[in-house]
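Engineer: Residue numbers (the working numbering), protein chains in the order written: chain A, 1 to 283; chain B, 1 to 283.
By construction, these hints were calculated from the structure, which means they are not laboratory data.
One should not assume that every hint holds.
If chains are identical, the list can't say which one is meant, so a pair holds when it fits in one copy or spans any two.
[Unchecked claim] Using 20 Å as the maximum straight-line C-alpha spacing, the simulated PhoX-like pairs for lysine-lysine come out as follows:
1. Lys-211 / Lys-277
2. Lys-244 / Lys-147
3. Lys-163 / Lys-3
4. Lys-30 / Lys-163
5. Lys-211 / Lys-147
6. Lys-47 / Lys-110
7. Lys-240 / Lys-261
8. Lys-250 / Lys-262
9. Lys-262 / Lys-244
10. Lys-154 / Lys-24
11. Lys-132 / Lys-278
12. Lys-181 / Lys-109
13. Lys-211 / Lys-262
14. Lys-169 / Lys-277
15. Lys-261 / Lys-244
16. Lys-169 / Lys-276
17. Lys-261 / Lys-251
18. Lys-48 / Lys-262
19. Lys-144 / Lys-182
20. Lys-83 / Lys-154
21. Lys-47 / Lys-147
22. Lys-43 / Lys-109
23. Lys-261 / Lys-250
24. Lys-262 / Lys-132
25. Lys-244 / Lys-117
2 protein chains.
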Amino acid sequence: MKKFSKITIIGVGLIGGSIGLAVKKRRLAKVVCGVGRRMSSLKKALKKGAIDVATLDLESGIKGADLIIIATPISLIPQYALKIAVLSDWAKTETIITDTGSTKEFVVKKLEGILPKTTHFVGAHPFAGSEKNTASNATADLFKGSKVFVTPTKNTHKKSLSKVKAFWKAIGAEVVQMPPKKHDELVAAISHMPHMIAAALVNAVSRDMIKFVSTGFRDTTRIAAGDALMWRDIFLSNPKNALKSISSFKKSLDALERAIKKEDVGFLMRQLEAAKKKREAIL
Amino acid sequence: MKKFSKITIIGVGLIGGSIGLAVKKRRLAKVVCGVGRRMSSLKKALKKGAIDVATLDLESGIKGADLIIIATPISLIPQYALKIAVLSDWAKTETIITDTGSTKEFVVKKLEGILPKTTHFVGAHPFAGSEKNTASNATADLFKGSKVFVTPTKNTHKKSLSKVKAFWKAIGAEVVQMPPKKHDELVAAISHMPHMIAAALVNAVSRDMIKFVSTGFRDTTRIAAGDALMWRDIFLSNPKNALKSISSFKKSLDALERAIKKEDVGFLMRQLEAAKKKREAIL
C-alpha cells in the first residue's frame, strides 16, 4: 500500500500503542504522531517506540495528517471528533478519520453527524486486546491474525473505506465488513456478555473463597481484570444489545438451574454435552 | 514416606492416570495396578506408563493392595465401594481407601456407610484437571503446586489420614484439610459455578456468532469443554450448594443489568472496578 505521510493516533494505550508499533515495523508512514491527555502515557508510547512525536495539543497533532485514528475510550471519541471538526479546514485535506471503538452504532452515528462531509470517516473495531491496557503492553503484532470489524454506512466514502481496509490488512488483521447495527448485536453476544459474566462471577465470590481458586476460575474470570472505564463505556454505548445478551444468557443458565432442581439427569446431560460439543468446535 | 507395596487405581482417566504416573516417577509403590471397565482405557494407561498391570476384574485388582484410590466419576464411587466391601476380608488387611471425587459430603457419607469399620477411608479431592480427561493427557506433574482437599470426619482413622496426606504431598500437591460440608460449599462457588456459567454462555451463543469469537470468549468458556458426565455427577451430588451459588451469581449479574438499564454510570463503574481489583489479586 501507498505510504501515509503522517498518521496521528489519538489515545496511545494498548490499542493505539500497538497500532503505532505495527505501522513503524512495517514502515507504513513517514511519521507517527501520538496525541494524549497526559504526558505520562505519551512518554510510555515514545519509550516503547510506538510513536515518533508526542503532543498534548490536538491542533498541532493532527496538522498535516492524512490518517487520524481515534483510539480513546468510546465516551471520548465524539469530543475528539468535535474538536477536530472545529480545528481544521477539511475541504482541502480530505484526511481519513477512523476509530477503534468497541461499539459502532453510537460512534458512527455521532461522528457522521459531527464531522464535515469533506472528511472521510470510516468506523472500525480491532477485535483484539488484553486485560493489560497501557502502551507498555503494546506489541507490533497485536493485530496479527485477529479480526478487525470495519463498519461502513451509505455515507462512507468508497475509496477511503478501501484505504482503511488495506491499512488494517497491512498490519496483519483479517478485515470483516458489516453494518454498525449487526456488529453491535454480534459483539454484545460474544464480547460484552463474557465480560459481564466474568465481572459478576468475581463479585459473587467472597475473598475468603478466592484464595482457593484454580485454573478454571482463573481462566473464566481473566477478562474481569480489564479496564473498568473502557467496559463501562462499552456497556453504556450499546445498552439495548447488552441487555438482550444478558437476557439470553439468563435463559440458558435457568435451564441448567431447573435441571439441577428437578434432578432431571437426562436434560442436564444433554445441556452439558451440547455445550461441550459447541465449545470443542471453537479452535 | 514408606513405599506402598501395591497401589490400585480404579478408573484411569486423566486423574487416575496422572496419579499413576506421579507414583511411578517418584517410586512410591512396588506395583501400580489399574482397574477399569473398558480395556481400551486401561491400554491407554499402560501405554502411557501410568500403571504396571491392568485388569477388568476388581477382585484381582484390589488383592493385596495397601492403598486403593477410586478415581471414577462420582456416581460410580459408591458402587465400587460396595463391591470392594463385598469382595474382601478387610479385618486382615487394613487397606487405606481414598477417592478423588469433586464433591465430598455425598461420597464420604455413602462410603462411611458402606465400607466396614476395619477399612480406613479418607475422602480426598485433587483440585486439578483439564477439559481433556483421558489417560492420554495424563502427566506425572498434574498435581504439582495444585491443591488437594482432604476431608476427614470424626470416623476417620488418624494414622491413615496422615498417610493419605503424606501421599498427596509426595506427589507434589498442597494439602488443604476441611470438613466435607465446608469443602462442598467452597467448590460450588469457585468451581461448579464457573462451569455452569461457561456452559450456559456457550449454549446462549448461536453457531453463526461463534465463528467470530476471540480470546476473551475462548478463555471464559474453556472449561465448558470438560467431560459432561463428570460435571453432571458433580452438580447432582451437590445440588443444594450448586443452586445457592447460581443464586448468588444471579444477584451479582442482576446488579450489573440494573445499572445498565438505569444508566447508573457511577454504580456500574464501581461494580466493574471492584471486579477488576478482586481479579487482579488472584495470582
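Engineer: Look at each hint and say if it fits the structure.
Structural biologist: Hints, one by one, checked against the model:
1. Lys-211 / Lys-277: So Lys-211 and Lys-277 pass the 20 Å test across copies only (14 Å; inside, 31 Å).
2. Lys-244 / Lys-147: neither (24 Å within a copy, 39 Å between copies)
3. Lys-163 / Lys-3: within (11 Å within a copy, 70 Å between copies)
4. Lys-30 / Lys-163: within (17 Å within a copy, 70 Å between copies)
5. Lys-211 / Lys-147: between (36 Å within a copy, 11 Å between copies)
6. Lys-47 / Lys-110: Close neither inside one copy (34 Å) nor across copies (63 Å); limit 20 Å.
7. Lys-240 / Lys-261: Result: close only across copies, 9 Å inter versus 31 Å intra.
8. Lys-250 / Lys-262: Intra 18 Å, inter 19 Å, cutoff 20 Å: intra and inter.
9. Lys-262 / Lys-244: between (27 Å within a copy, 15 Å between copies)
10. Lys-154 / Lys-24: neither (32 Å within a copy, 68 Å between copies)
11. Lys-132 / Lys-278: between (29 Å within a copy, 15 Å between copies)
12. Lys-181 / Lys-109: within (11 Å within a copy, 55 Å between copies)
13. Lys-211 / Lys-262: neither (32 Å within a copy, 34 Å between copies)
14. Lys-169 / Lys-277: neither (32 Å within a copy, 36 Å between copies)
15. Lys-261 / Lys-244: Only across copies: Lys-261 and Lys-244 sit 11 Å apart there, 26 Å inside one copy, limit 20 Å.
16. Lys-169 / Lys-276: neither (33 Å within a copy, 33 Å between copies)
17. Lys-261 / Lys-251: both (15 Å within a copy, 18 Å between copies)
18. Lys-48 / Lys-262: Neither: 57 Å inside a copy, 41 Å across copies.
19. Lys-144 / Lys-182: Cα proximity of Lys-144 and Lys-182: none, with 24 Å in one copy and 46 Å across.
20. Lys-83 / Lys-154: neither (24 Å within a copy, 73 Å between copies)
21. Lys-47 / Lys-147: neither (28 Å within a copy, 42 Å between copies)
22. Lys-43 / Lys-109: neither (33 Å within a copy, 62 Å between copies)
23. Lys-261 / Lys-250: Both: 16 Å inside a chain and 16 Å across chains, each within 20 Å.
24. Lys-262 / Lys-132: neither (42 Å within a copy, 29 Å between copies)
25. Lys-244 / Lys-117: neither (34 Å within a copy, 56 Å between copies)
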